[in-house]
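Participant: The two chains are supplied separately, each in an independent frame; assemble them into the complex guided by the hints.
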Amino acid sequence: MNEQLITYTLENGLTLLIREIHTAPIVSCWVWYGIGSRNEVPGKTGLSHWVEHMQFKGTAQHSASWMDHTIARLGGHWNAFTSPDWTTYFETLPSSALETALALEADRMRGSLFDPAEVETERTVILSEREGLENNPLFLLNEAVQLRAFREHPYRNEVIGAKADLLALTREDLYGHYQNTYQPSNALLCLAGDVDPEQALALTRQYFGDIPSQPVEKHIPAPEEELPSPERVELRGPGDTTFVEIVWRAPKANSDDFFAFTILESLLTGPSSLNMFGGGGISNRTSRLYLALVEKELSVSVNGNLNASIDPGTFIINLTKHPHNSISKLLAALDKEIDKIQTKPVPQAQIDRAVKQAKALFAYSSDNITNHGFWMGYASSFADYSWFTRYVERLAAVTPEQVCSTARKYLRPDARVIGVYTPNGEESGGD
Amino acid sequence: MTELLFSTKTLPGPNDITREEFSNGSVLLTRPNMSSPAVAIKGYLPPGSAAEKPEKYGLANFMSSMLTAGTWRHAFRELHDEIESMGASLSIGAGGLATSFSANCLREDLPRLLALIREVFSEPSFPIRQVRRIKTQLLTFLAIQAQDTAAMADQAFDRAIYGSHPYAIPELGFPHTLQRISREDLEDFQQRYLGPKGMVVAICGGVLPAEALAAFSQTLGVWVNAYQQPQPELPPVQALHGIIREHVTLEEKSQTDLVLGTFAPKTTGPDYLPAQLGNEILGQFGMMGRIGESVREKAGLAYYAQSELGSGIGPTTWQVIAGVNPRNLDKAVALIREELARFTSEPVSEEELADVRSALIGQLPLSMESNAGVAGALLNLERYQHGLNYYRELPARISSVTREDILRTAQTYWQLENLVIASAGVALS
Chain A
1 MNEQLITYTL ENGLTLLIRE IHTAPIVSCW VWYGIGSRNE VPGKTGLSHW VEHMQFKGTA
61 QHSASWMDHT IARLGGHWNA FTSPDWTTYF ETLPSSALET ALALEADRMR GSLFDPAEVE
121 TERTVILSER EGLENNPLFL LNEAVQLRAF REHPYRNEVI GAKADLLALT REDLYGHYQN
181 TYQPSNALLC LAGDVDPEQA LALTRQYFGD IPSQPVEKHI PAPEEELPSP ERVELRGPGD
241 TTFVEIVWRA PKANSDDFFA FTILESLLTG PSSLNMFGGG GISNRTSRLY LALVEKELSV
301 SVNGNLNASI DPGTFIINLT KHPHNSISKL LAALDKEIDK IQTKPVPQAQ IDRAVKQAKA
361 LFAYSSDNIT NHGFWMGYAS SFADYSWFTR YVERLAAVTP EQVCSTARKY LRPDARVIGV
421 YTPNGEESGG D
Chain B
1 MTELLFSTKT LPGPNDITRE EFSNGSVLLT RPNMSSPAVA IKGYLPPGSA AEKPEKYGLA
61 NFMSSMLTAG TWRHAFRELH DEIESMGASL SIGAGGLATS FSANCLREDL PRLLALIREV
121 FSEPSFPIRQ VRRIKTQLLT FLAIQAQDTA AMADQAFDRA IYGSHPYAIP ELGFPHTLQR
181 ISREDLEDFQ QRYLGPKGMV VAICGGVLPA EALAAFSQTL GVWVNAYQQP QPELPPVQAL
241 HGIIREHVTL EEKSQTDLVL GTFAPKTTGP DYLPAQLGNE ILGQFGMMGR IGESVREKAG
301 LAYYAQSELG SGIGPTTWQV IAGVNPRNLD KAVALIREEL ARFTSEPVSE EELADVRSAL
361 IGQLPLSMES NAGVAGALLN LERYQHGLNY YRELPARISS VTREDILRTA QTYWQLENLV
421 IASAGVALS
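Chains as they are written, first to last, in this note's numbering: chain A, 1 to 431; chain B, 1 to 429.
With the rest of the complex left out, here is chain B (with noise of 0.2 Å):
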């Protein structure tokens, strides 16, 4: 096995994380840190963008931003006030299956800030004047990212490679659907879909285990939404045939961004591990990877040329993204689809390998120095249902992916006869 630089005993692990389950369906899951009264809280709960209906699509993230803009006892300024008053943040979105909250506070403002956001997701007041405003700013958001580059690219990806799936529509909507969404929509939604079955919950940082399970048992704990209802199931994705290529231009645009991709592996499963230590060689180790070292230490061509990997539930993809000059763009693709035709016919090197294997173990300690990234591991142990050893088991897991398990997984999900390539800048010449 690689060489630990760290005791695994540092990571969190089952001596250390407090679980519980709650008879209103959620999770709690907590893990003290008492060098300082910092606390990070994250949780994510139904519903997500899939749960919407093509003429309202937008309606999950508009929703997730009405919740803080006003409730039945408290009304925008008052609740902000009592945040605020704290140093105390609160921030909610909504994902393709999700709805996710982030959110700090002192040790002492716990038990309040936690029943402020039991009080935001069960007693939303949706006010008339709050709905008008925000679905201005919602609009306005999408005006500025029509103008983003990176952004478009990213959106032309998602519409070809998802299709009719809803993963192909923005989380965001768009302008037509937004403009739709009346308050009674947002009220419907939230009380149809938003509620605690399924909701996980992590509490990391300076509080005692004791603490952080009394505070959640009075609040979200008890949380009850009789009326919730289980989301739509996802349907399943329809496999990629041929190249197929999408540009959207927007003028007077400096930079050209494109992102070239497939399908990832589902990420609970036996591939995932292989692809991840495959990704990190192919677009991310040092400077990123070897997509870095040809796009960008070789030819110059790119401030940022990298490989990504997705990771979630539903399904996600495998990307290679970069930010070029126009006049580069078709050198770019060429020498990225020669990286991907080298990752997809030769296994990596002994010393590739060795390499990614030392990173991605090295990383752990590091990924979790602060309480969020602690609390962001918590709930992925939960998400992917890994166990409470997962991290602790994580480095030998490592060490057992061969350079024939990368080959394999590179060739199963990497057929470059079949590719999604979009980009968004000037027009194309």
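So that you can see chain A by itself, here it is in the shape it has in the complex (with noise of 0.2 Å):
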């Protein structure tokens, strides 16, 4: 495999990444574009998301049907998701194919249409969409969460929207936010696969060459280093099965305090996957707080999740509380072990594990394609390649010391957002 990774950046602003990787005829075509819903400001949440699902509904050139027939007839796969931080569509299809993909995207950078009677076909559909997820207690405890984790920073939202601006957005809102954010200047091409860089550059020229780039304008909120004030959030839904989530301010992915902040959530919570499609995770079951928590039978899981994001974002830990224990028993646990983490020293053979884990996970990537595309990209978004090449080598430079301090700076009670969701009928957390 060739590690190395190409630059070029085309006159209007285009910037193209390749990895050649020959290990299957196989190509991942990736477009990144830099507007999410952090860009998105009051009463109009919702629509970054929303113009992604409008870029599947057909351009002046190409009806909807013809594009995604296109892409299925080649056995490829193609989607798209919408982050706070960002928006990216993909193909992973035969490599001889991969001028298909090159066309698809650069005719529906500009040339959408958004026709009327499809944005409101499609209204429907994202009202569907976030109905299937307010059926789940988790998503409606998050949300309530998150709101309250940041003042006015767009990270509070959920990237799907509020209903109510689901409800009120317009097709002149979607369709100017498409024409002012879909611009060569503010997007990446990422190739990964079985390619050809010269051939890649000239179809890259030939599809992208002519798009013109025109300034964009999008809010950039100013970071919150800090948690607005510690709050306790409340929700109560059906079922017989109380959740706690409680949230943290995390360090931007483009800090030292990230890789440190990697290894400590590691320690806690088990390692994360680097894999969007597959390949494989590690389990936490030796996690500390997995072992003081649920083998303690205080709770039946525990889940951490740490986002990488251009601003300070959150650390989330999820809990399902055991149904013959208590909220407050389980918060005297878990602050137990946070207390244990700011003030024990670390030994170095548990960072020196957690870094093996890393390692292995990394590996168990690589024989994804389609994951090295994303990763071209993702980690682009917010450093560049080079953060996901050097992660290991950056988690290994860790402390036991930074690890410590770590904790001590972000884990704090009085900076933290908790939430539970009680079952109808039962006490008030379920104390």
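Incorrect hints may appear among the rest.
Claimed, not checked - Think about it this way: if two alpha-carbon atoms lie no more than 30 Å apart in a straight line, the pair counts; the simulated DSS-like pairs of lysine-lysine are:
#1 B:Lys331 with A:Lys57
#2 A:Lys340 with A:Lys356
#3 A:Lys296 with B:Lys135
#4 B:Lys9 with B:Lys266
#5 A:Lys57 with B:Lys298
#6 B:Lys298 with A:Lys163
#7 B:Lys135 with B:Lys56
#8 A:Lys163 with B:Lys331
#9 B:Lys9 with A:Lys336
#10 A:Lys218 with A:Lys329
#11 B:Lys135 with A:Lys329
#12 A:Lys296 with B:Lys56
As the list claims (entries may be wrong) - Facing chain A, a subset of chain B residues (Cβ under 7 Å, in silico):
#13 Ser36
#14 Pro37
#15 Ser85
#16 Glu251
#17 Ser254
#18 Phe285
#19 Ala359
#20 Glu369
Read the hints as simulated data drawn from the structure, not as lab findings. From the three backbone atoms N, C-alpha and C, an ideal C-beta is built for every residue, glycine too.
Facilitator: Now the structure itself:
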């Protein structure tokens, strides 16, 4: 495998990254736009995600079914994701069909129609998507907690948007957002797989080279380094299970603190998988919180989630309360473990183990070409590709003292939001 | 034949798959991919939930969860410390006919991980404290699942279509049956049924066949369970008669989930491939096929609406599933029935057939781009007795399916007066 990354920037500002991998006759083509729910303003939440849906609805040149059927006929798969920081589109298909993917992506970079009737049909589809999410208590709990984890920063909003906004957004809102932000200068094209770089560059020039770039106007929110205030959110709903979500501020991805926090997360709640498209994860049954909470039958499960983001984001711990125990005992045991990692030196052997796990996860991700395409763009959204290639090395450089100091800096009891979902008819918090 | 965009030699075949039968009744399939040190292991072995008695439904799944809860050599924490310290993973679960497992590790850790897999299968200690803890976890999972509209619609569908057949029972069992299961039940079930006779394992990735064979032959290849009994035979399913309508009421839910369907052709039978192509047209191709076009794209009624064709050794089903706003449920059912009526009354178009032939053939290399994908594909070769050349011959077989084959299959299996329609969500108005 050629580890080298090839980078070009076209005259219109489009950046092209190529990673040659010739293990299978497959290529994964990704276009990343520097736009997401982070750039949305109050009253217009859900705009980026809805625009993403409209990108599958056809252009002046190609109908929606042409786009869809062309990829499917090749046996390829395609999809798109909207996150707080970015919106991305990808196709993974036989490498001989690279030109089809590039032609399609270039066409919908500027040529999507946003037909008014299609906009209305998609409104109900997105409302239906949101209704599906609302069926899950964990979505409702997360939505309530995130709103309190930021004063104004759009990371407080769910990417799909608030229901009131989804009912009010207009075709003009969507098309204006698209026209403004889907520009070569706001995009990154990533190609991973069985490609010839010279041919890929020629095709990129052919399809994207003539697309003009206008200045992009987007809302850049002020980062919020601290949580507004400690809070407890109580939610009620159907069911028999009590869920707890605890949120702290987390460092931005492109910072030294982030790598120390990654080790901290690994020790507390288990290693995070790097793999968006399979490849395998590692369980967390020997993590400190599993042993202290699940093994001790205070909680039925524990999961941690640290996201790599442009601005300081959140570290989330999700717990499912044990039916025969109480929230107060559960939180007391959690605090005890956090206090321990803040005050007692972490053995170097535990850091070495976390690094070995990260190495293994890295290897698992590397047998999937689609994962490579994802990581090239994802890492570039908040740093550059070397963030990904140097990931294990930077984890290995974390010291025991850094882990403790990072825990003291971020995991403070006066700087967290606790959310509790209690089943209807049960005492609040199950205490 | 449909034009190929890749060489079939890139697919697993007799020249790069090593298959070995062992005297304990197990089979190993292995295929190297030396581009990275990552190794994927997948396997299945008896028993499944079909071997359970009614008063102990959920026993197979409970037993599979307990296998990694401690052995006579390693307590829970020691066992997981070994696995997680290697950066490896091991998960085990039970289906209707088999216990399945899936693992990942780096090349240098393969012998150790296979030794641990053998240990958890052959020497689980079922510590009483872990039995209690995992029982609570399973009961909590059932409580969470009881609020999941998709899971509840699916279970209502299974109950209605399978009737008295064991597949009508959810593999996790029920709260009252789980409560009855004791440590002794778990141990007895494991000793009686869990064994190497009928075990198939695939090892794929950064390991040479000789290394994989050597590691397997010193571990799972020499495991013996002298008490292993065959599982009870599955009874036949009863044909559907009439429309069976089931609804599970769950309060305060924004979305209703719908499952509508019938029995599928036998996975190893001649109708399966035409059904597979037909299913692509009905509810998979592109943005969820004809069903997606009608229910999502044109009517905007659902975020997802698609068809699914089951596969397996036992009986399986052919379903259409959708998630809709409760007030749109009847409209969605009507649109789906319209599409099924069209599917069973007129041949698919030449263009549709060409599209799905091309799609199914093109998906072959993509479905095997990862080690886990190849391992899963190798298991299916053995499960369905396809032969090692199956994937290389499949493009030609797909190309030979005709429009008439698809219509005949659709008419045989989709009889619109004999269907199960199940849903879960707020009360029906």
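Participant: Given Pro37 of chain B was flagged as interface, is its beta-carbon under 7 Å from a beta-carbon of chain A?
Facilitator: With a closest approach of 5 Å, the Pro37 of chain B hint holds.
Participant: Take the C-alpha atoms of Lys331 of chain B and Lys57 of chain A, compute the straight-line distance between them, and say whether it is at most 30 Å.
Facilitator: Answer holds: Lys331 of chain B to Lys57 of chain A is near 23 Å, not above 30 Å.
Participant: Would the hint on Phe285 of chain B be counted as holding, given a Cβ-Cβ threshold of 7 Å to chain A?
Facilitator: Hint on Phe285 of chain B: holds, closest Cβ of chain A at ~5 Å, below 7 Å.
Participant: Quick one, is the Ser254 of chain B hint okay against chain A at 7 Å, beta carbons?
Facilitator: Since the shortest Cβ distance to chain A is 4 Å, the answer is holds.
Participant: Given the hinted pair Lys340 of chain A and Lys356 of chain A, is their Cα-Cα distance within 30 Å?
Facilitator: Measuring from Cα to Cα gives roughly 23 Å; hence the hint holds.
Participant: Taking only the CA atoms, is the gap from Lys218 of chain A to Lys329 of chain A under or equal to 30 Å?
Facilitator: Violated: Lys218 of chain A and Lys329 of chain A sit about 46 Å apart, past 30 Å.
Participant: Check whether the Cα positions of Lys9 of chain B and Lys266 of chain B lie no farther apart than 30 Å.
Facilitator: Holds - the C-alpha atoms of Lys266 of chain B and Lys9 of chain B are around 28 Å apart, at most 30 Å.
Participant: Verify the proposed pairing of Lys135 of chain B with Lys329 of chain A, using a straight-line Cα cut of 30 Å.
Facilitator: holds (21 Å)
Participant: With 7 Å as the cut and Cβ atoms as the points, is Ala359 of chain B at the interface with chain A?
Facilitator: Interface hint status for Ala359 of chain B: holds (5 Å vs cutoff 7 Å).
Participant: Minimum Cβ distance from Ser85 of chain B to chain A below 7 Å?
Facilitator: Holds, because the Cβ-Cβ distance from Ser85 of chain B to chain A comes to roughly 5 Å (cut-off 7 Å).
Participant: Take a quick look at whether Lys163 of chain A and Lys331 of chain B sit within 30 Å of each other, Cα to Cα.
Facilitator: holds (23 Å)
Participant: With the threshold set at 30 Å, check whether the alpha-carbon distance from Lys298 of chain B to Lys163 of chain A stays at or below it.
Facilitator: holds (22 Å)
In this structure, the earlier hints numbered 9 and 10 are contradicted, and the remaining ones agree with it.
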